[in-house]
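Asks: Start from the sequences and build out the full structure, keeping to the hints where you can.
2 protein chains.
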Amino acid sequence: MSEASVAPTTPAPADLVIRDAVVLAWDETRGIHFLPGHDVVVRGGLIDAVQPTGTAVAALEVIEAHGMVAMPGLINCHAHSPMVLFRGVAEDVNEERWFNEFIWPMEVNLTEPDIELGARLAASEMISTGTTTFADHYFGMDAIARSTEETGLRALLGLTYFSSDGPAGLERGLDFAERWAGRGDGRITAALAPHAPYTVGHDDLVATARAAVEHELPIHIHASESRSQTRHSLDREGVTPIEVLRRAGLFDARVLIAHGIGIVPEDLPTLAGARVGVGSAAKGYLKHGTDTTPVRVLRDAGVPVGLATDGAASNNTSDLWETMTFFALVQKAVERDQSFLTAREVLEHATIQSARAIGREHDLGRIAPGFRADLLLVDLTGPRTQPVHDLAATLVYSAHSDDIDTTIVDGRVLMRGRRLLTVDVAALTAEIAPRLPRLTDRSHGRSIQDYDA
Amino acid sequence: MSEASVAPTTPAPADLVIRDAVVLAWDETRGIHFLPGHDVVVRGGLIDAVQPTGTAVAALEVIEAHGMVAMPGLINCHAHSPMVLFRGVAEDVNEERWFNEFIWPMEVNLTEPDIELGARLAASEMISTGTTTFADHYFGMDAIARSTEETGLRALLGLTYFSSDGPAGLERGLDFAERWAGRGDGRITAALAPHAPYTVGHDDLVATARAAVEHELPIHIHASESRSQTRHSLDREGVTPIEVLRRAGLFDARVLIAHGIGIVPEDLPTLAGARVGVGSAAKGYLKHGTDTTPVRVLRDAGVPVGLATDGAASNNTSDLWETMTFFALVQKAVERDQSFLTAREVLEHATIQSARAIGREHDLGRIAPGFRADLLLVDLTGPRTQPVHDLAATLVYSAHSDDIDTTIVDGRVLMRGRRLLTVDVAALTAEIAPRLPRLTDRSHGRSIQDYDA
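Chains as they are written, first to last, in this note's numbering: chain B, 81 to 533; chain P, 81 to 533.
A couple of the hints might just be wrong.
Where chains are identical, the list cannot tell them apart; a pair therefore holds if satisfied intra-copy or between any two copies.
[As the list claims (entries may be wrong)] Below, simulated EDC-like cross-link-like pairs (lysine to aspartate or glutamate); rule was C-alpha separation at most 20 Å, straight line:
no., residue 1, residue 2
1, 412, 196
2, 412, 175
3, 412, 222
4, 412, 176
5, 412, 371
6, 412, 108
7, 412, 470
Simulated from the structure, these hints should not be mistaken for lab results.
Replies: Written out as structure tokens, the structure reads:
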């Protein structure tokens with residue numbers, strides 16, 4: 081320390097103080113709990129302090145949040161964000177027709193500019209419904225990365241590939257990761273994104289695992305998406321989809337599994353010993369008439385289960401708050417146990433378990449010093465949420481994403497008073513509208529893949 | 081006709097014209113369909129005309145609805161509206177504890193002023209979430225009726241009674257009906273509301289049926305609420321709950337059945353031949369870990385199934401739009417059939433089937449000449465609902481009640497631009513807050529009933 085610095089100095093003002101909120105906090109002993117009358121102090125994109133209101137802090141910007149709940153921004157653990165372009169096109173049809181007659185023929189039509197517009201529309205939906213980080217798995221990932229830079233979200237991005245792409249699939253995925261990881265002021269991180277064990281063969285999975293270890297990248301993959309996929313895998317290969325991944329060495333890397341509905345007891349030792357998480361999209365599972373992620377079993381095995389929307393072509397929204405409510409209620413229904421998964425436990429899945437699922441428990445999913453300043457202010461004064469007897473229950477069972485007043489990522493305000501500050505939705509939808517006839521044209525008879533899981 | 085009236089006259093101006101909406105219409109051959117660029121003309125609380133925009137009509141008030149969907153107001157077929165006061169108190173506990181340790185002990189605490197405040201809060205929630213008519217079944221019904229008069233909703237109101245009340249229960253129910261039916265400019269109608277076959281004995285059900293026929297009142301009753309109730313009824317009485325009702329003569333009157341989850345095939349001939357409807361509260365069933373209403377079977381039998389929220393102590397909201405989405409997705413899940421219950425069919429349940437369920441198919445549930453002017457304007461320009469490929473899918477699977485811009489009952493605007501015009505929610509919640517400790521006190525050890533179904 082030089083002598084010049086010995087003199088007492090006034091600390092630089094904080095970038096942002098959120099004043100007089102009810103802070104949703106978490107620790108190992110108490111789990112989710114609430115701190116009324118607290119300020120959240122933000123410096124350099126990080127949470128610097130969480131302290132009782134009244135403690136003096138100079139700040140460049142103050143948001144008065146009296147009575148609002150400040151909670152961690154939601155983390156969407158599995159998305160295909162540009163698929164908002166196709167929401168409502170393929171309705172009330174079975175899974176085989178959904179893929180083969182609608183989605184995969186339409187995806188042939190997507191250009192990179194289409195994908196960028198779709199990603200920006202999804203970003204506007206995510207910001208307005210409380211998602212601050214999303215794990216995306218799609219084509220045209222450069223366009224999604226550009227949208228992420230512009231809209232201010234945080235994202236874990238992986239370029240989808242199939243074995244039908246040949247070795248170029250993984251190469252393009254690696255190339256994307258090298259070019260984009262760390263951009264957007266560090267908000268963009270990258271994953272390798274092989275599509276699924278039924279579309280990516282053993283050798284390509286092995287190559288993916290080796291590349292992931294070498295480049296310290298997580299792997300984001302659809303696996304064990306249904307009980308019937310697990311049965312098919314057992315019939316065809318004699319092992320479960322999770323065992324297919326293990327044999328290829330995937331669990332030498334960190335793995336984010338989309339869906340995991342078909343996970344069976346013999347998979348648990350593998351999963352419990354791995355750096356792995358599962359993203360669960362409870363709304364879409366109901367709509368597709370399938371089972372849901374076996375949350376109780378995964379919780380018991382210590383495997384984090386995060387929330388996900390999947391693509392809006394199946395989920396019809398990118399609204400992760402809505403997923404939270406579906407996730408909560410569906411678990412009680414499938415377990416036939418009203419006491420299973422309390423509202424506080426659901427909030428754990430929506431926050432720290434989602435952060436663990438994507439390997440970011442050290443800096444996302446909590447409002448605590450040293451964590452990224454990704455957070456929401458929720459207004460519970462409306463008639464759907466009054467009176468409040470139990471804040472956790474009000475958030476999970478009564479509130480909608482529409483009750484979110486403010487969305488902040490890395491200390492930057494992306495929505496305030498429900499007004500989006502980084503996307504102009506009206507201009508965007510006007511730009512998208514003339515593209516829709518081309519995007520939904522299926523007369524060409526082509527498809528990006530054939531679904532036969 | 082007198083000679084003076086032969087001279088051509090200018091018709092009196094319409095009370096209200098909703099201009100340039102996309103009208104959700106229904107007829108026998110086409111089912112649900114949409115009429116873009118149409119005006120809805122309202123006179124004397126009725127829909128006078130639905131006609132292409134551009135047809136000249138003088139009007140006292142015009143609402144510009146360009147691009148918005150005009151749809152019939154939703155009909156909540158089973159509610160306990162003042163229970164909003166208890167939302168979030170009894171969470172994550174089983175049904176027996178929910179009733180015996182929480183709800184029924186707390187209901188002892190309710191005074192008529194409490195009930196009136198709860199009813200007004202529920203009314204504000206219903207208006208803001210698209211319900212225009214609700215069928216309520218509760219205590220302190222005079223207070224709910226007063227709230228209905230003031231807030232402008234339409235309601236079918238029945239005073240709950242048990243056999244433990246003695247003959248006075250039915251008498252008070254009849255007295256309520258005589259005093260209130262037709263009030264609120266005809267918006268209030270009345271029902272007899274025996275609680276359930278397991279709390280109201282045969283003789284009281286017989287007396288209820290006779291009174292309903294004599295006074296031309298419908299009967300609103302919880303029945304066959306779960307498969308286990310049906311099993312218990314078979315064990316105890318040798319017949320199903322529906323057969324208990326039939327033997328007591330209930331189906332000589334019109335009957336509105338809450339839940340009907342335990343309806344079994346042998347009940348269908350009775351139901352198919354009766355003036356009967358079922359109210360289904362799909363969200364609460366998930367939360368309670370129970371089965372859901374057997375919609376496919378009831379549809380096949382021609383029994384109308386309407387939507388319901390039940391009380392907000394189980395459902396956590398009084399948001400019937402949310403129920404619509406849960407109803408749609410849960411049916412696909414339980415039927416394991418993505419193609420079952422299309423979005424258009426779900427909209428039929430939300431509109432004309434709900435109207436049929438409460439016996440009002442002649443004047444509610446459609447935007448057509450001669451029907452009551454109860455309608456909603458829905459704004460689908462937000463990021464969760466764009467782009468729109470299929471209006472029915474967007475409404476059912478993507479939109480939330482928060483996308484409702486305007487709510488109209490009997491031609492009177494109760495919400496406009498999401499601003500409530502007949503209830504001051506902030507004043508109301510401030511008045512409710514100091515009452516909550518007394519309302520949730522269970523130290524007295526009393527209960528309104530003992531649950532043993």
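Asks: Hint by hint, say whether it matches the structure.
Replies: These are the hints, each one checked on the structure:
1. 412 to 196: So residue 412 and residue 196 fail the 20 Å test inside a copy (38 Å) and across (33 Å) alike.
2. 412 to 175: This pair counts as between: shortest inter-copy Cα distance 12 Å, intra-copy 25 Å.
3. 412 to 222: Result: close neither inside a copy nor across copies, 40 Å intra and 36 Å inter.
4. 412 to 176: between (29 Å within a copy, 16 Å between copies)
5. 412 to 371: both (13 Å within a copy, 11 Å between copies)
6. 412 to 108: neither (24 Å within a copy, 39 Å between copies)
7. 412 to 470: Classified as within; 19 Å inside a copy, 32 Å across copies.
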